[in-house]
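Novice: Residue-level listing of the chains:
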Amino acid sequence: MKIKVTVMPKPGVLDPQGRAIQQALGGLGFGGVTEVRAGKVMILDLEESDPAAARALGEEMARKLLANTVIESFSVELA
Amino acid sequence: MKSAVVVFPGTNRERDMAIALERASGVTPAMLWHRDTSLPAGLDLVVLPGGFSYGDYLRCGAMAAQSPIMAAIRDFAGRGGHVLGVCNGFQMLCEAGLLPGALLKNASLRFLAQDCMLRVERADTAFTRGFEQGAEFRATMAHGDGNYFCDAETLARLEGERLVALRYVGANLNGSLGAIAGVVSPNLRVMGLMPHPENGVDPLVGGVEGLPMFAGLAGAFAAA
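Taken in order, these protein sequences are the chains called V and X. Just so you know, the first sequence maps onto residues 1 to 79 in this note's numbering. Just so you know, the second sequence maps onto residues 1 to 224 in this note's numbering.
Please note: incorrect hints may appear among the correct ones.
EDC-like mimics (lysine to aspartate or glutamate), calculated; alpha carbons at most 16 Å apart, straight line [said to hold, decoys possible]:
no., chain 1, residue 1, chain 2, residue 2
1, V, K40, X, D56
2, V, K10, X, D151
3, V, K4, V, E35
4, V, K10, V, E35
5, V, K40, V, E77
6, V, K2, V, D50
Derived Cβ-Cβ restraints for the label pairs, each shown as a range [said to hold, decoys possible]:
no., chain 1, residue 1, chain 2, residue 2, range
7, X, V208, V, E48, 55 to 63 Å
8, V, A24, X, V205, 20 to 28 Å
9, X, P203, V, A79, 57 to 65 Å
10, V, E77, X, G219, 33 to 41 Å
11, V, E77, X, Q66, 23 to 31 Å
12, V, E48, X, Q114, 43 to 51 Å
13, V, D45, X, G170, 49 to 57 Å
14, X, V169, V, S73, 28 to 36 Å
15, X, P203, V, P11, 46 to 54 Å
16, V, P51, X, P68, 27 to 35 Å
17, V, A53, X, R110, 42 to 50 Å
18, X, G26, V, A24, 50 to 58 Å
19, V, L46, X, G97, 19 to 27 Å
Some chain V residues close to chain X (C-beta under 10 Å, calculated; not the full set) [to be verified]:
no., residue
20, K2
21, Q17
22, L44
23, E48
24, S73
Honestly, the hints are just simulated from the structure, not real lab data. Even for Gly, the Cβ is constructed at its ideal location relative to N, Cα and C.
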């Protein structure tokens, strides 16, 4: 069973990459972008076949390694 | 002083660190590998040097913080051992939860390889006792992710308990919160800093402004 873990910089945490992307978009004529936040998406293929258990496993992995909860928030969904 | 330097795949400052420790103490540090599961007996100090451990995959220091030797280092720190993390080592200590906060990408998005000025905010630690309180010294920075960040509550605690050991003076090039360059643990035995004091230990190569850190450590553990 596949799960998708999305890791994003928390609100209020400076995201210089997002800011640079926003500026680059502005340079391409996409002036209406008021903010860009850049994060990561990881797709994990698990042996687990129970959706609730897979999701719980993903959350534990995110807390221990995939996200740094000091600066990042995460969400886990079935992929 | 009995010290050890930990080497991870991608670490590249271990030899400079070993030279600095040996120059100050006269004792060659042990070199440990990330897969080691125990530390040599009777260690005074463990150093996590700079570099790009595990290729900075996922986040700087994230993989190293989960490596086998980190459990032994966590245990060592828990028993009151002294641990110093420089640059990537600071990132590892934050990722391992041994120091608060995190190091974000530099606010400028640029990799910074240049000198900076640091102020010693507290000289009553084993790491900073070689400096005068309030002293300023030059050190080299070489990092892409040195922008110190923590939440407002943690920042208030760090400032309130005087756990900011070193601060950037003048330009805060990487955008660190409160111009924080180095942080110590509440028991003052775990310290992390982004700049490289080990670069400044040889008059022929960039001066000796970093030497007081290592001389101070050697002095702190001379009797031991």
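Novice: For which of the previously enumerated hints does the structure constitute a violation, in increasing order of number?
Specialist: Hints 3, 8, 10, 20, 22, 23 and 24 contradicted; others consistent.
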